[in-house]
Amino acid sequence: MQTSESNKWNMVSEIELVYRSKIKATQRPLLRSSNDVFEFLLQHWNHDKIELIENAKAIFLNTACKVLGLLDISMGGTTSTIIDPKIVFLPAIKLNANRIILAHNHPSGRVNPSANDLLLTEKICKAGILLEIKIMDHIIISKDTYYSFADEGKI
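So the sequence shown is numbered by my numbering: it starts at 20 and just counts up by one.
Some hints here could point you the wrong way.
[Claimed, not checked] In the SDA-like style, the derived pairs of lysine to any residue whose C-alpha atoms are separated by at most 20 Å in a straight line are:
{"#": "1", "residue 1": "76", "residue 2": "100"}
{"#": "2", "residue 1": "142", "residue 2": "83"}
{"#": "3", "residue 1": "113", "residue 2": "148"}
{"#": "4", "residue 1": "105", "residue 2": "74"}
{"#": "5", "residue 1": "162", "residue 2": "53"}
{"#": "6", "residue 1": "162", "residue 2": "40"}
{"#": "7", "residue 1": "105", "residue 2": "57"}
{"#": "8", "residue 1": "113", "residue 2": "162"}
{"#": "9", "residue 1": "43", "residue 2": "115"}
{"#": "10", "residue 1": "105", "residue 2": "92"}
{"#": "11", "residue 1": "173", "residue 2": "129"}
{"#": "12", "residue 1": "76", "residue 2": "45"}
I should point out that these hints are in silico values taken from the structure, not numbers from a laboratory. Values in this document were obtained by computation on a predicted structure and should not be read as measured data.
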């Protein structure tokens with residue numbers, strides 16, 4: 020199909036961002052502490068895989084720290100998973116989220132952050148500053164305990 024010179028600039032796909040929540044604002048979970056986040060995550064984690072493979076999730080929050088959504092970011096192997104910042108921030112923008120909590124598990128049960136965990140957290144926090152979306156915490160979980168970057172002063 021050929022277009023005339025004057026019509027070629029009209030050949031553009033339109034983009035519309037829409038967010039429709041099925042949950043009333045008053046019924047959204049409120050996350051006040053890292054322990055609240057840990058308990059929330061345990062409710063939404065596959066317990067058959069928590070000690071098998073690394074999985075990363077993002078919790079998207081409004082300014083009142085109420086949950087707008089939870090997304091599986093990636094599923095990796097036994098010792099690592101990849102968190103792509105674009106995959107973290109794209110849904111945050113669509114949800115109009117003001118805050119994000121990152122989370123991933125360590126199948127080994129040791130929840131101390133690796134050097135890669137520290138670098139990734141710093142990278143995503145910097146991106147959040149540019150987008151004016153605050154990274155509230157990065158939680159590393161096992162089935163029994165957790166590590167909070169915020170509680171440890173790393174965010």
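Hints and how they fare:
Taken as a hint, the residue 76 and residue 100 pair is honoured in the structure, with Cα atoms around 11 Å apart against an allowance of 20 Å. Under the criterion of a C-alpha separation no larger than 20 Å, the hint pairing residue 142 with residue 83 is inconsistent with the structure, at around 25 Å. The straight-line distance between the Cα atoms of residue 113 and residue 148 is roughly 17 Å, inside the 20 Å bound, and the hint therefore holds. Of the pairs offered as hints, the one joining residue 105 and residue 74 holds, with about 17 Å between alpha carbons and a cut-off of 20 Å not exceeded.
For the hint pairing residue 162 with residue 53, the CA-to-CA distance comes to about 15 Å; that is within 20 Å, so the pair holds. Proximity of residue 162 to residue 40 is assessed by CA-CA distance (about 30 Å); at most 20 Å being required, the pair is judged violated. Proximity of residue 105 to residue 57 is assessed by CA-CA distance (about 24 Å); at most 20 Å being required, the pair is judged violated. Proximity of residue 113 to residue 162 is assessed by CA-CA distance (about 31 Å); at most 20 Å being required, the pair is judged violated.
Proposed proximity of residue 43 and residue 115 is supported: the alpha carbons are some 16 Å apart, at most 20 Å. Note on residue 105 and residue 92: the hinted pairing holds, with a Cα-Cα distance of about 10 Å set against a maximum of 20 Å. Simply put, residue 173 and residue 129 have alpha-carbon atoms about 18 Å apart, close enough for the 20 Å limit, and the pair holds. Taken as a hint, the residue 76 and residue 45 pair is broken in the structure, with Cα atoms around 24 Å apart against an allowance of 20 Å.
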